[in-house]
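Turn these sequences into a full structure, and let the hints steer you where they fit.
For the sequence shown, counting from 1, position 428 maps to 428 in full-length UniProt numbering; every step adds exactly one.
No lab work stands behind these hints: they were computed from the structure.
The C-beta atom is built at its ideal place from N, Cα and C for all residues, glycine as well.
All the given hints hold, so there is nothing to weed out.
Derived CB-CB ranges, DEER-like: (1) Ile289 with Lys117: 29 to 35 Å; (2) Asn191 with Ser269: 16 to 22 Å; (3) Lys324 with Leu267: 46 to 52 Å; (4) Ser131 with Asp450: 51 to 57 Å; (5) Asn66 with His111: 14 to 20 Å; (6) Ala411 with Ser269: 29 to 35 Å; (7) Ile289 with Ser466: 34 to 40 Å; (8) Thr315 with Tyr243: 40 to 46 Å.
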Amino acid sequence: MLQKIWNFLGYPTEPEPVVTRKKLSLTPVSEFCARFIVVKDLKDGYDTNIPSNLDYLKKELTKITNQLNQNVQPTLLPQIDFSITFKSKETQDENILIYFKNKIIQKQFEHQNSLYKDAISDMNQMIEFSSMAYNEKYPIFINFSEFTKEIQNRTYNNSKIKTFENRIRILDAKIESIHKNYKSPSFTSQNLLKELKNFRNNFNPNFKFFPESEFDIYFANYIDYNSSLLQKFNNILDDFTSYNYSQGLDKLTKCINDLCKEIGIPLESDESLMITCCANRYFFDKVAIELPYLLFNDLQAKDFIKRCEFAKKKTVGSLLADMKKIFVPSQINRTILDVFTTDDLLKASVEYLSLIQFKNSPLDIVNQLNESLILINKFVIKSSYINKKCKGDESVEIPEDVYLNFGMVEADDSLTVFYMCFLIDPPPNSVAIGNFLKTFGRFDQFTALDMACVHILAAIKFISTSELINPE
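This is how it looks when you write it as structure tokens:
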């Protein structure tokens with residue numbers, strides 16, 4: 001950016017020895033700050049609104065600094081001691097939930113602090129930069145309103161913070177449910193079916209998926225207070241412990257089918273798929289506790305993250321020859337990181353992908369991937385429309401009905417954007433997740449989600465092996 005400003009001011013690349021010129025001096029800023037800075041011609045003058053905008057920015061800086069100072073270490077609930085022999089199953093369950101709640105509270109606190117610090121750093125950079133530009137009367141104009149808006153969105157409307165808050169609410173509900181049912185649990189098959197019908201509207205008929213809800217709490221209690229059913233799940237967990245994964249998965253399928261018959265649900269009905277989603281979540285939550293290495297023991301993680309860090313700094317057009325087909329003209333020569341953090345569709349798809357590390361069930365993981373893939377397909381449709389119908393004119397408004405043409409998206413195009421999306425904020429256990437899905441991902445009843453699984457496996461393989469993004 002300094003070179004660009006130098007050129008606009010008319011200074012030669014190599015200063016003439018005879019003529020003495022004033023040296024251009026500006027403090028470097030982050031890529032985030034640079035998005036809101038515009039360099040104009042000398043004839044445009046300089047930004048006379050900087051002083052008044054700086055006053056407002058300094059007030060916002062003081063506010064965020066105070067919030068950082070007031071964000072003290074949270075008080076955690078008494079920590080669990082796993083060496084204790086619990087007197088009752090309820091006590092054990094409650095303490096395990098408290099343990100995970102404390103972990104999430106701590107992560108939430110640390111992430112919020114990092115958001116405050118990032119905001120303070122960027123605001124200090126912008127204040128110093130704009131003050132110098134104003135004092136030197138450089139033709140530099142700054143969009144303070146958009147800069148402040150982005151700072152506030154990033155700091156106060158952060159998706160990870162919201163995820164932490166949602167998970168804490170779910171854990172609180174589970175803990176409260178345990179308290180309510182200490183003395184007189186009444187979990188019958190009739191009540192389970194009744195509760196299931198109350199959540200029927202949560203079921204997604206397009207992808208045959210039932211997301212996590214309060215019904216999962218009732219479902220878990222139903223199993224925990226049904227000794228024969230609980231024993232079946234424990235036997236399946238024993239198979240996993242003994243590395244008999246295929247046998248364990250077959251037993252899990254049979255167990256779910258038997259459960260559906262027990263509560264009077266026809267197999268292959270929407271209700272049976274809802275039970276399948278809940279049963280998988282229940283079982284793989286246990287797997288995550290008892291066999292954590294299945295999702296986190298990954299010797300290739302360091303190399304994978306290194307490749308992602310290297311690749312996302314390359315320009316979009318440098319990776320494949322046909323990028324002009326998928327991206328609009330203004331994006332071709334920008335870095336992947338820049339494109340995927342400024343386009344609304346791509347930015348949202350990155351957020352969906354980054355959250356798969358918090359999922360334990362294969363079905364939940366691929367559903368999260370599918371949400372990301374839907375946005376990626378919309379991006380490909382938008383780009384294709386601009387390039388073909390509008391001859392690259394990015395200023396046109398896209399009709400809403402255009403986004404309904406998912407059939408026009410080629411698999412190779414969506415995969416290309418998908419693997420780029422994966423580069424931006426890859427989960428630290430990405431390769432382990434891929435191996436986990438290859439081993440435990442059975443999606444025969446969820447064909448709409450199967451494509452998302454194919455995409456992540458192909459993306460992980462490409463990132464891990466392609467010479468195009470080899471940092472060595």
